[in-house]
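> The lines below spell out each chain.
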Amino acid sequence: MKVGILMMDYSQTRRHSVMPDVVDILTDWGVTVDLIYPEQQLIDVGNIRVEHDLYVLKASSPLAMSMAGALHAINATVINPYPVAATLRDKIVSERVLRAAGVPTPETFVCDRAEHLAPLLAHGPLVIKPYRGSRGKGVQVIWDADELDEIASNDGPLFAQRYYKPEGLDRKIYCIGGQIFGVERVWPALTYEAKVGRPFTITPELRDITLRCARAFGVDLLGLDVILSDGKPYVVDVNSFPGFKGVPDAALRLADYIFSAAERPRKARPAHVHAAHAELRQ
Amino acid sequence: MKAAIIGSGRIGCGFAGERLAAAGYELVFIARNASMVAHLNRVKRYRVTLAQGRTRTERVVEGVRAVDIADRAAAVAALAEAAIIVTAVGANSLESIAPLVAEGLQARVTPVNLFTFENVADGGEVLRQAVARHLPQGFALGRFGFSGTLVSRAVTQQVGDTSCDEPLEFIGDPPADFVVDGRRLVEPVPAIPSMVVAENFAAWMQRKLFIFSAGHATCAYLGHLKGYRYIHSAIRDGEIRAAVLEAMREGQQGLAAVYGEEFAGGAAHLAEIVERFGNAAINDPVSRVARDPSRKLSSGDRLMGAARLAAKAGVHPRQLLLAAAAAYCFHDPADAHAAKLQEEIRVSGLNPTLQRVSGVKAGERLGRTLVGGWQRLAHPWHADSVLLSLTKIVWA
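Going line by line, the protein sequences match chains A and B. Heads up: the first sequence begins at 1 in the working numbering, then just goes up one per residue. Heads up: the second sequence begins at 1 in the working numbering, then just goes up one per residue.
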C-alpha cells in the first residue's frame, strides 16, 4: 500500500503537527508513505503520474493545491479531493455551499472596497477575514466605520461576517471518516495547552450541522469552527485538513482512517491490474 | 499422495492447502463455485502471502486441480483415493457436505483421517455424526478418523479474479501450527509439518478460546466502542491494549488452575498474541471479529466461558466482563445477529437477555459486574458515537 502526502515543511513553524505521528504509525503498519514537498523540487508537469493508492493533501500552498489538482485530473484518489479543498480555500464559495446546505453561518458580505462595508456597521460590528485565509490569520473585528480606513484590500476581496458575541469557549468540531469529535478551547489560544483545549461531547444539533457540512462538500474529513451566540451555533470556518489538536488519539484515528481509505481503491482493482503495474515497474 | 480439500476459500487454500502442499501432498479441491473450479484447473496454482508488518513471504502452491462438487462421480473419486480429507466449508455447511463424504467413504478401500478446518468446537465430531446419518447400518465408520483442528493462522483476504489467468493470492499471517485431536485419529496418522497431535484436544480448544479468542474479542468490542476500524488500530490504543492483556491474563489464570501454568503459558505467550493483533498486513476489520455477538457471548464461549473458569479459580474477571459488556453494546447495522441482540435487549431488558444468551443471572457476582459495565458503556444516542476514554467514559 502506498500513500503520498502533499506536505509543507512544518519543521520550523508547527512543532506539534499530528502528521509525523500519523506517518510513523502508517509506516509501522507496512504502508509506504512518501512525503511530497512540492516547494522543494522542480516538477515536470507532463511527468506527474499516479504512483500511490491514496494521496493526502495536507499542504495548502498554491503549488500543493495545483499539484493535487493535477493528480485529481489524472484520476488519483485524494482523501480530501482538490475540488473540495479548492472550494474550502475560498471562503466566498464555501459560505454559499454551507448556506445552500442549511448550515447556520453568520450574515456574510463580500466587497472589493472597504468603504462598501460602512453602512453595515450601523447594525453592529463585523468580522473581516482574508477570503483565502486560514488559522485565524488576518481576522479582525471592526466596530466603527473609521476603522475601515486601515483595512487594505489589495489581497483580493474583503470577506465580512456579522459579529456575534461568542458565549463561552470556542468550539472546534472535527470529522474523521464520519466520526465526529468536539474540542473546546479559549480564544485566542496563545499556548500549546490552550490550543489542545479539552474534548466535549457534541450535541445532536452540532452533530447534525457537522454531517450537513460533510455531505455538502462530499467529504468525511474536515474541521469546523463553531461559535455559540444567544444559544445558537454558527459555523464561522471550515477546513479541509485541520490539525485535530485536542482529539484524543488523533494520530491513531487519522492513520486508521487513511489506511481504510487507501484500502478501498486497492480492493476495487483486480489482481491482473496489480500484476500489470508490477510489470511496468520492472 | 493426494489430499482432498472440500472448500476452496481462504482457509482451504490459504492454510490447509498451503500446509498440505508443504508436506508433499498433491491437492484436489472439491468446490461449489464453478468459476473457482475452472480457474484452478486452468491456472493450476495460487499464491499464499504471509505478512507481518513490512515483511512478506510468498509461497506458491502448485500442481493443484479442482472438482466441481456437482460432479458427484468425480468428487466421490477424489475422496476415495485421497490419503487425507480436509473440510474448510464453514461450520454451517458441514451438514450439507455429509452425503458426499458418506458416499466417498463407502467408495474407499483404506482408512483415512478427515480434518475439519472449521471455526467450531469439535467440528470433527459434528461431521462424523452428520456423515453417520447418511451411511447404511453396519458401516464400519470407526475405520475413519474425524478430528477438528485448531488453526493459528488468520487468512483474511483473497485477492484476484477467478475469471482471469493470474493466480489468486491469499493473504494471512505467518503462524503455521495447527492442533488436531489425537484420540480421534486412525492409523496411519499423516506427518504434516507444524501439526500438533494433542491427546487432550478439549484443553487445547479452551486454551485457544479463552486466551487468543478472548483477547481478540476484547480488542474488537472495545475497539468498536472507541471507533477503530481495524484490530491493528485498536490494539495500538493504550487503554485497549492494557484491557486485552488483562483479559487474556484472566483467561490464563483460569486455565492454569485446571491444566497447570505451563500449559496456560506466560506473559511471553500473551505478548506474541498482542503482536499478532498489531499485524496490519492482514487488515482484520473490527466488524469481522465482533460479528455475531450472541454466539461469542454464549456461556461456554470465549468471554463468558473464560470468565466462568477464572471465577472458579478465584479470580474475578473484570476485564473479560468489561469486554462482554461492550459486546452487549455492539451495534453494527450490517450485522443482523447484532441487530437482533440489541432488539432483544430493547424489548426484554438486559437481565433476561443476559440469562438467555450467557447463562448469567444479574444477581450473581459475574452478572453484577457485567451489568455495571454495560450501564457505564451503553450509549443510546446514536450508533456511530465514539468513546474517547474507557476509564473516564467520555463520548465524542
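A hint or two may mislead.
DSSO-like, lysine-lysine: derived pairs with alpha carbons at most 27 angstroms apart [as the list claims (entries may be wrong)]: (1) A:LYS245 to B:LYS392; (2) A:LYS2 to A:LYS137; (3) B:LYS44 to A:LYS195.
For the chain A half of the interface with chain B, some residues (derived, Cβ under 10 angstroms), not all of them [said to hold, decoys possible]: (4) VAL196; (5) ILE202; (6) VAL247; (7) ALA255.
Keep in mind that the hints were calculated from the coordinates and are not lab data. Cβ coordinates follow ideal geometry from the N, Cα and C atoms, glycine included.
> Could you check if A:VAL196 really has its C-beta closer than 10 angstroms to a C-beta on chain B?
Violated, because the Cβ-Cβ distance from A:VAL196 to chain B comes to roughly 14 angstroms (cut-off 10 angstroms).
> Given the hint that A:LYS2 pairs with A:LYS137, test it: the Cα-Cα distance must not exceed 27 angstroms.
violated, 34 angstroms
> Given the proposed pairing of B:LYS44 with A:LYS195, does the C-alpha separation stay at or below 27 angstroms?
violated, 60 angstroms
> Given the hinted pair A:LYS245 and B:LYS392, is their alpha-carbon gap at most 27 angstroms?
holds, 20 angstroms
> A:ILE202 was flagged as interface toward chain B. Is the shortest Cβ-Cβ separation under 10 angstroms?
At 7 angstroms from the nearest chain B Cβ, A:ILE202 passes the 10 angstroms test, so the hint holds.
> For the hint on A:ALA255, just tell me whether its beta-carbon gets within less than 10 angstroms of chain B.
holds, 7 angstroms
> Have a go at the A:VAL247 hint: is there a Cβ in chain B nearer than 10 angstroms to its own Cβ?
Because about 8 angstroms separates A:VAL247 from the closest Cβ in chain B, which is inside the 10 angstroms limit, the hint holds.
In this structure, the earlier hints numbered 2, 3 and 4 are contradicted, and the remaining ones agree with it.
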